[in-house]
Amino acid sequence: MTSLQLLTEPSSLSSSNFIPFNPLYKTLTKPTTKHYPKPSPIRSVLQYNRKPELAGDTPRVVVITSGKGGVGKTTTTANVGLSLARLGFSVVAIDADVGLRNLDLLLGLENRVNYTVVEVLNGDCRLDQALVRDKRWSNFELLCISKPRSKLPLGFGGKALVWLVDALKDRQEGCPDFILIDCPAGIDAGFITAITPANEAVLVTTPDITALRDADRVTGLLECDGIRDIKMIVNRVRTDLIRGEDMMSVLDVQEMLGLSLLGVIPEDSEVIRSTNRGFPLVLNKPPTLAGLAFEQAAWRLVEQDSMKAVMVEEEPKKRGFFSFFGG
Amino acid sequence: MASFWTLQLHPISIPHRVSTNAFELRPQLGFNKSYRIWNAKNKYKDFFLKAAGNSSTSGEDNPIKDEKFLIKSKRNVMLVLQNQVSRLQETIISLPPIILSIKSSPYSKLALGFCIAASVLIVAVRAYVARKPRYQRQGSVADLVRRGQLNSDRRGISKTPMYDDPFNNPLVKISKNNSSVEMCGKVYRLAPVTLTREEQNIHQKRRSRAYQWKRPTIFLKEGDPVPADVDPDTVRWIPANHPFATTISDITEDLAQNNVYQKHGVPFRIQAEHEALQKKLEALQGDQKFNNLVIDPGTARNFERPFKSNIKLDDQQVEHNSANGQTGLRPESQPKSHESSSNSTSEEKPTQ
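If you read the protein sequences in the order shown, they are chains A and B.
By my numbering, the letter at position 315 of the first sequence is numbered 315, and the numbering carries on one by one without gaps.
Throughout, my numbering is defined as the position within the second sequence, counted from one, plus 1000.
Note that these hints are calculated values from the structure, not bench results.
The reader is advised that the hints may include incorrect statements.
Unchecked claim - For lysine-lysine, the following DSS-like pairs were computed, each having C-alpha atoms within a straight-line distance of at most 25 Å:
hint: 1; chain 1: B; residue 1: Lys1221; chain 2: A; residue 2: Lys308
hint: 2; chain 1: A; residue 1: Lys159; chain 2: B; residue 2: Lys1205
hint: 3; chain 1: A; residue 1: Lys169; chain 2: A; residue 2: Lys51
hint: 4; chain 1: B; residue 1: Lys1173; chain 2: B; residue 2: Lys1186
hint: 5; chain 1: A; residue 1: Lys285; chain 2: B; residue 2: Lys1173
hint: 6; chain 1: A; residue 1: Lys308; chain 2: B; residue 2: Lys1186
hint: 7; chain 1: A; residue 1: Lys308; chain 2: B; residue 2: Lys1263
hint: 8; chain 1: A; residue 1: Lys151; chain 2: B; residue 2: Lys1173
hint: 9; chain 1: A; residue 1: Lys159; chain 2: A; residue 2: Lys169
hint: 10; chain 1: A; residue 1: Lys135; chain 2: A; residue 2: Lys51
hint: 11; chain 1: A; residue 1: Lys135; chain 2: A; residue 2: Lys147
hint: 12; chain 1: A; residue 1: Lys68; chain 2: A; residue 2: Lys169
hint: 13; chain 1: A; residue 1: Lys51; chain 2: A; residue 2: Lys285
hint: 14; chain 1: A; residue 1: Lys285; chain 2: B; residue 2: Lys1186
hint: 15; chain 1: B; residue 1: Lys1263; chain 2: A; residue 2: Lys169
hint: 16; chain 1: A; residue 1: Lys169; chain 2: A; residue 2: Lys135
hint: 17; chain 1: A; residue 1: Lys135; chain 2: B; residue 2: Lys1263
hint: 18; chain 1: A; residue 1: Lys308; chain 2: B; residue 2: Lys1205
hint: 19; chain 1: B; residue 1: Lys1214; chain 2: A; residue 2: Lys159
hint: 20; chain 1: A; residue 1: Lys151; chain 2: A; residue 2: Lys308
hint: 21; chain 1: A; residue 1: Lys68; chain 2: A; residue 2: Lys135
hint: 22; chain 1: B; residue 1: Lys1221; chain 2: A; residue 2: Lys147
hint: 23; chain 1: B; residue 1: Lys1214; chain 2: A; residue 2: Lys68
hint: 24; chain 1: A; residue 1: Lys147; chain 2: A; residue 2: Lys159
hint: 25; chain 1: B; residue 1: Lys1205; chain 2: A; residue 2: Lys68
hint: 26; chain 1: B; residue 1: Lys1186; chain 2: B; residue 2: Lys1176
hint: 27; chain 1: B; residue 1: Lys1263; chain 2: A; residue 2: Lys159
hint: 28; chain 1: A; residue 1: Lys147; chain 2: B; residue 2: Lys1263
hint: 29; chain 1: A; residue 1: Lys285; chain 2: A; residue 2: Lys135
hint: 30; chain 1: A; residue 1: Lys51; chain 2: B; residue 2: Lys1173
Put together the whole structure using the sequences plus the hints.
Shown next, in the form of structure tokens:
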């Protein structure tokens, strides 16, 4: 799951010295020697506030797409977006799913969407009025492209989204670090509109052949359009099925698509629960398995890194002599 | 005990002449400790006064006798006090200590435990009772949480997150030889990624051969002619009955772009509608030659939506206007107003 490269990099070396302010961590990592290092408070503060280094020019316009529907594009957008906001980056998430808008529901912002891009284009409101700021993380904003019952005028093609990105660049608050575009399923007009302003793409897929065929097709279209930086997130991975060879492993998926991995999200029942609550997974306390995987994916997205090692199967946990007694 | 002694002996040790009457006063002082402490001042006042009186009556010719008396009285006072203290000590010793008394009887243990449990229960119930009305108060933060306006775990000042680094925290631990990772209590075996740059390029070439595609730049309705300067491959045909996409838009491209770029002020559509209404109102006022700026209720009806009841009103207005000699204006202006109002509603429909 975690990248092996991280451990050998200097940044990871510094992270190994990272001591979070957590009593649990202290109990887990007992010092082996009695030799204590010199106290360096400034360094420890810096370690605690460690952030991933943003690579590339801002705003980074990332389209989150997949050929097939129901693989988790919107879930990924919500969780990766809020993870980025938690890491301190300003994020604007655009729900470009014209017909079937859902991102507002996942974020719990459905009651706060009054204006959309359609109203902005028509001149019924300004762009800043259409942006919905999340109260939990104020550097996260949502922009919906249209209301479910209205039709999006496509007379300008994908130009409307290019204008939007330009307008966001010139905002008074400053240019956002990330613009995440939640792409609709399929390769229809909505898909074309969504990919128009994007510089990079995140392809979400599940390890089944139907999703893989569509993902390959979409990757081809994105490459034809000039988007070369494409990474994939393999969602809903079940290690127990992989072990029994009932599901393709992540490495098999990678072999079929030939894309670098941004993250592997294990199947987690908490995803449904968080969707129903309108409370993204990454904000859960305590964090869940899928939430952690989304956070790791967001970290790699910031640093334009990819996975160097993947989880293949679950191992039985090594138990001590007194494990029978709960030890 | 030492402090007790010092307390009791300090007032006595003041060098004053004490007569034999002091011994008579002694029983009045009593043996009660508290009485002695709190009433000491009053008692000694009387004592010194009497002592002074005695000295005056006895005269100053026999100072040696007085000195002897003083020494004797001091000794006696000391003895009396020693007796008092020893009696107090005896009473203290005679009382059994609490712990011993508890140890002695098994029922007392039970009683003590019961008392502690009861007191804890009372404190808990009291705290709960005090807490409950606070949480039921309308408009409180707890009320907001119950109504779903706030999330319970992020109330007030946000807590610091449990960790900052998703790769290095108590829930994610990588083994020393990088062969396994423990996430949320489950251990997973790690396998290195084998995809190379060459393999990626091979896949890209395969896809470029398989999928020849040009992103459509223009959307046309089925049946529309393709413009001369547009590549036919980059045209996307949108059916007229498409569920959520349409090629029809009532605003030009430049206007839409300006709308998106607008940062301040009133949005274009709102301003345009307002200006149109203003112009219309002025035109109506000019036609009717009303110089006053007060909105006439008759003209204001023109902006109302066409209800069924308006038909009757229109008839009445026509009659009214014909009486004023304006029959030539009203039949023309009335349908126009209906058209414009119906147009405005039709424009508003898609935006709603």
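Verification of the supplied hints:
1. B:Lys1221 x A:Lys308: Violated, because 48 Å separates the two Cα atoms, which is more than 25 Å.
2. A:Lys159 x B:Lys1205: Violated. Lys159 of chain A to Lys1205 of chain B sits at ~29 Å, over the 25 Å cutoff.
3. A:Lys169 x A:Lys51: The hint holds at about 23 Å.
4. B:Lys1173 x B:Lys1186: 10 Å, holds
5. A:Lys285 x B:Lys1173: 18 Å, holds
6. A:Lys308 x B:Lys1186: 20 Å, holds
7. A:Lys308 x B:Lys1263: 44 Å, violated
8. A:Lys151 x B:Lys1173: Measuring from Cα to Cα gives roughly 49 Å; hence the hint is violated.
9. A:Lys159 x A:Lys169: Given pair Lys159 of chain A, Lys169 of chain A holds - Cα atoms ~15 Å apart, limit 25 Å.
10. A:Lys135 x A:Lys51: At roughly 22 Å apart (the allowed maximum being 25 Å), Lys51 of chain A and Lys135 of chain A satisfy the hint.
11. A:Lys135 x A:Lys147: Cα-Cα ~22 Å, so holds.
12. A:Lys68 x A:Lys169: 31 Å, violated
13. A:Lys51 x A:Lys285: Within the cut-off at roughly 20 Å; holds.
14. A:Lys285 x B:Lys1186: 18 Å, holds
15. B:Lys1263 x A:Lys169: Holds: Lys1263 of chain B and Lys169 of chain A sit about 12 Å apart, inside 25 Å.
16. A:Lys169 x A:Lys135: It holds: about 22 Å lies between the C-alpha atoms, which stays within 25 Å.
17. A:Lys135 x B:Lys1263: The given pair, whose Cα atoms are some 23 Å apart, holds under the 25 Å limit.
18. A:Lys308 x B:Lys1205: Holds, at roughly 23 Å.
19. B:Lys1214 x A:Lys159: 16 Å, holds
20. A:Lys151 x A:Lys308: Not satisfied, since the Cα-Cα distance of roughly 44 Å exceeds 25 Å.
21. A:Lys68 x A:Lys135: Given pair Lys68 of chain A, Lys135 of chain A is violated - Cα atoms ~32 Å apart, limit 25 Å.
22. B:Lys1221 x A:Lys147: Holds. Lys1221 of chain B to Lys147 of chain A sits at ~22 Å (cutoff 25 Å).
23. B:Lys1214 x A:Lys68: 21 Å, holds
24. A:Lys147 x A:Lys159: 19 Å, holds
25. B:Lys1205 x A:Lys68: 23 Å, holds
26. B:Lys1186 x B:Lys1176: Answer holds: Lys1186 of chain B to Lys1176 of chain B is near 16 Å, not above 25 Å.
27. B:Lys1263 x A:Lys159: Holds - the C-alpha atoms of Lys159 of chain A and Lys1263 of chain B are around 19 Å apart, at most 25 Å.
28. A:Lys147 x B:Lys1263: 22 Å, holds
29. A:Lys285 x A:Lys135: 18 Å, holds
30. A:Lys51 x B:Lys1173: With a Cα-Cα distance of about 19 Å, the restraint between Lys51 of chain A and Lys1173 of chain B holds, given a limit of 25 Å.
Checked against the numbered hints above, the structure violates hints 1, 2, 7, 8, 12, 20 and 21; every other hint is satisfied.
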